[in-house]
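Following the hints, put chain B in place on chain A, whose structure we already have.
Protein chains: 2
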Amino acid sequence: MNQAQKDYEELHKISLHARILDGIASLLDWDRETYMPPEGSEIRAEQLKVLAGLIHKEKTSKKFASALSKLIDIKSGDILAKSLNDEQQSALREWRRDYQRDTALPGSFVEEFAKLSSQSIQVWTIAKRENNFAHFAPFLEKIVAMSRKKADYLGYENHPYDALLDIYEQGATTEEISSIFNGLGKSVSNLVKKISQSQPVDDSILHGKFPFDKQLAFSKKIMQAIGYDLSKGRLDISTHPFSSACHPKDSRITTRIHPSNVFSNIATVLHECGHSLYEMGLPVEHYGSPLGEAISLGMHECQSRWWETRIGHSRPFWQHFLPELKKTFKSLEPVSLDSFYRAINKVTPSLIRVEADEVTYPLHVILRYELEKALIEGTLKVRDIPEAWNSKMQELLGVVPQNDSAGCLQDIHWAMGGFGYFPTYTLGNLYASHLFMAFEKKFPKWQELVAKGELEFIKEWLTQSVYCHGRRYTSKELLKKITGKPFDAKAYMQYLTKKYEEIYPK
Amino acid sequence: MNQAQKDYEELHKISLHARILDGIASLLDWDRETYMPPEGSEIRAEQLKVLAGLIHKEKTSKKFASALSKLIDIKSGDILAKSLNDEQQSALREWRRDYQRDTALPGSFVEEFAKLSSQSIQVWTIAKRENNFAHFAPFLEKIVAMSRKKADYLGYENHPYDALLDIYEQGATTEEISSIFNGLGKSVSNLVKKISQSQPVDDSILHGKFPFDKQLAFSKKIMQAIGYDLSKGRLDISTHPFSSACHPKDSRITTRIHPSNVFSNIATVLHECGHSLYEMGLPVEHYGSPLGEAISLGMHECQSRWWETRIGHSRPFWQHFLPELKKTFKSLEPVSLDSFYRAINKVTPSLIRVEADEVTYPLHVILRYELEKALIEGTLKVRDIPEAWNSKMQELLGVVPQNDSAGCLQDIHWAMGGFGYFPTYTLGNLYASHLFMAFEKKFPKWQELVAKGELEFIKEWLTQSVYCHGRRYTSKELLKKITGKPFDAKAYMQYLTKKYEEIYPK
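Heads up: the protein sequence lines correspond to chains A and B, in order. For the first sequence, the residue numbers in numbering that gives the first Met the number 0 are 0 to 505. For the second sequence, the residue numbers in numbering that gives the first Met the number 0 are 0 to 505.
Check the hints yourself; a few may be wrong.
No copy labels: a pair is met if it fits in one copy or bridges any two.
As the list claims (entries may be wrong) - Mimicking DSSO-like on lysine-lysine, the simulated pairs with C-alpha atoms at most 30 Å apart in a straight line are:
1) Lys193 x Lys498
2) Lys61 x Lys12
3) Lys48 x Lys12
4) Lys192 x Lys458
5) Lys114 x Lys5
6) Lys458 x Lys497
7) Lys12 x Lys141
8) Lys12 x Lys148
9) Lys391 x Lys345
10) Lys5 x Lys56
11) Lys114 x Lys48
12) Lys5 x Lys48
13) Lys220 x Lys498
14) Lys489 x Lys458
15) Lys380 x Lys185
For the record, the hints were derived by calculation from the structure and aren't laboratory data. For clarity, every value in this text was computed on a predicted model and none was experimentally measured.
With the rest of the complex left out, here is chain A (with noise of 0.2 Å):
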């Protein structure tokens, strides 16, 4: 071994150090929000500040920069260790990225807006029960005066959201994104607008009676039917949804069943399996260096999207399951594959973000979006965020909110402090749909595969494909090299309309 291979495998076990802390933070929210008796929130917050306190240690410490310095130049970006392979040279350039926004913020600015955010989330606890905006403004005054420093300190060329959409997706820019979403927004609400004059689709047959244990073995079923392995994995029951990502072979989901509604957590489980199968997939080897951690929120979304979206709200895979599901629920019995698939596809302009259609969903996004940045940009002030969202909702879905609670208070990103976090839920949805391109291509059959109830495959494709690269790769070089073509948003355009004109036909 060269003397950069001993360095490069130095350096990555200064990093594994820090990885494994943050796979015990993840173990302890997972805690948190599934068996944690409730007396213990205090100490895990406290549990969960030391654990975040030593791994901002770790990740900006001496010892890590200089064992990074013998690889690449921090400064400049150049690789110094050139006989490292293309992979591991990727994996400087991103472990340099991390060091230089771990330690573009003070320590101090880091305590304050963790303090201002952990009080910010108990402030909009109680606005959002108690309908009071008012409550919740003055904190969030603070948030986005912080975000706007933020900003700064990270640094941006053209705009200051630049900045913090690049936490959450590198590369990503205000006007990229601002092009992508002025054009989504027209086409969704056009096909939205089509979708109204045609005939409604009856959904009831979702509504019933489904026992919670029954509906909680059906999706075990499903989980592992589509690849995911019980024995590196659990699923649990919290009150939001989520997966946890502690190591390829610890990487938990959790969902929440309503008995009265048979699909709700059917869609949830295939969405946190998605999350969850790239976690898993992630190669084992490279865990704690850049090349073992997913490439970003936008292509975490990607995932857990396709299997939701693509694949679970899909025809074939539904002439698979539902017989399935008709064994575990007599009261389906009598519903046709057709009259099932076009219930869970039914299009409805809404309130929730998180229950929102496919169709519609997008255009929630848009508006958090326009929102954020005119606050950035310090166009919108907070006390009329209320004002803004209501006639942003009018002009995009049609419906406006009776009050806060339901409107601008619905979501937890703004009181923690994660301005630039929502465009990544659309990027993801775009992504899958640019990525199912290369798919269908390798499998023209893939429908006929799904309806036999053959799913193995595309969790194998998915890991060949994106899995396996960690974050060699940005999205959107990935996306390029899987699919020949650079990412734009039409292909998931094409298959919107494609879909829901034959469930809305004229």
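Relative to chain A, chain B alone:
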């Protein structure tokens, strides 16, 4: 606040940080035994190793030593901050003791031992399941060698095993334990002989069909009745029952349930509750200092055996709970209190320690004590354990296991590197009886109260007498303070003799 107070608070703050990491490790242990996906074991071992390393680093840091040195002379043990109160001065002495012990072991040794024991536990699990001592032996050899080395690092005056004993029970020596165990072994053997010549007890009523869910629900009733607060803890299922001590507000227990046996789960739950109530009762304001910690394993076991045997195997306890139990399990309806009481107190020399009755239990501990002392001395080789085990079983209990799974592979302690641990099980029983003298003096009518289902006064008395002091006193100091008499084994033998001569009359 004077300087000494400020320095004390600074020391507490530093120490709290390590205690928080320790609580995290205990959650990771809990998760490993309850919900962790099987494939997660390898990364879990790594996580625990990293935490153990960090904890050790913090406990032996210059920062800690310098904060401690301001208040106590680490070398001589002289208190420098004489303005601190007695309680705080005790804390300083205990901090110093911990520091001396922790600095005796090199960091690399601690990490290596943690990793080895984590692996050994995995190997032991398989070896036990497959009755394959040879599979476990190489790991146990390493554990013995490292334990011997640990004793050397820790230092001792007379016997290397003293150093290991002292970890779990401050001040206990091989000489003292040998002397107590010699006398106890003889007295117990005599009692067992007498019992064997008496009319056997029929415990067939405890065996039958007792469904899992009903047993679980009944355990929770008992837990709540004795004052276990389920908003600060949980009951889960694991192969080996244990209690986990993360924080007074997050202290969980596990049990195992045999649907063919109505009593073993109840006894287990009471036992683990005893441990957990101690942790929950520690003063939360002292969390992170010795005043917020349990005294020793012996005192811990005193608490668990107190609830399991002194209360949970007593006649008045079942005077109250038997009617409740009969409501849960109709098959028990014809059973009289007397026959139930005799059945749960049946004495039979048997193979498995954790299933042993109160009388033969100490003989199991004496066996392990003698073997592990010999292993540490080097007078017994690992490969000779099965033979030594079986002949000791014959000598002490008159029974011989048909295989090693039911013999020398039955306990996890050696796999986890817990040499010096076993004697505390019997010390705990001895302590409980000594303590009970004071309890009976204070509550001469305790039996009447318990028979009426009034149980919370017991926890309250234990809180005021034991829990609230943390490590202010050593076990023996505390026992003397509470009872007014120096500790010895007499109360225990008196209790056993009186109780069992009634159950087994001549």
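Now the hints, each set against the structure:
For the homomeric pair Lys193 and Lys498, the shortest alpha-carbon distance inside one copy (13 Å) is at most 30 Å, but the shortest distance between copies (85 Å) is not. For the homomeric pair Lys61 and Lys12, the shortest alpha-carbon distances inside one copy (15 Å) and between copies (25 Å) are both at most 30 Å. For the identical chains of this complex, Lys48 and Lys12 are neighbours both inside a copy (23 Å) and across copies (14 Å), given an alpha-carbon limit of 30 Å. Proximity of Lys192 to Lys458 under the C-alpha cut-off of 30 Å is found in neither arrangement, the shortest distances being 36 Å within a copy and 66 Å between copies.
For a Cα distance limit of 30 Å, the shortest separation of Lys114 from Lys5 across copies, 24 Å, qualifies, whereas the shortest one inside one copy, 38 Å, does not. Taking CA atoms no more than 30 Å apart as the test, Lys458 paired with Lys497 passes inside one copy only; the shortest distance there is 25 Å, against 68 Å between copies. Taking the shortest alpha-carbon separations for Lys12 and Lys141, only the inter-copy value of 26 Å comes in at or below 30 Å, while the best intra-copy value is 37 Å. In this homomeric assembly, Lys12 and Lys148 come within 30 Å of each other (Cα to Cα) only across copies, at 28 Å, whereas the closest approach inside a single copy is 32 Å.
Taking the shortest alpha-carbon separations for Lys391 and Lys345, only the intra-copy value of 23 Å comes in at or below 30 Å, while the best inter-copy value is 74 Å. When the C-alpha separation of Lys5 and Lys56 is checked against a cutoff of 30 Å, the pair qualifies both within a copy, at 24 Å, and between copies, at 26 Å. In this homomeric assembly, Lys114 and Lys48 come within 30 Å of each other (Cα to Cα) both inside a single copy, at 6 Å, and across copies, at 26 Å. Taking the closest pair of Cα atoms, Lys5 and Lys48 come within 30 Å of each other only across two copies (23 Å); inside a single copy the shortest separation is 33 Å, beyond that limit.
Taking the closest pair of Cα atoms, Lys220 and Lys498 come within 30 Å of each other only inside a single copy of the chain (27 Å); across copies the shortest separation is 55 Å, beyond that limit. For a Cα distance limit of 30 Å, the shortest separation of Lys489 from Lys458 inside one copy, 24 Å, qualifies, whereas the shortest one across copies, 68 Å, does not. Only within a single protomer do Lys380 and Lys185 lie at most 30 Å apart by alpha-carbon distance; the minimum there is 26 Å, versus 80 Å between protomers.
Hint 4 from the list above is the single one not met by this structure.
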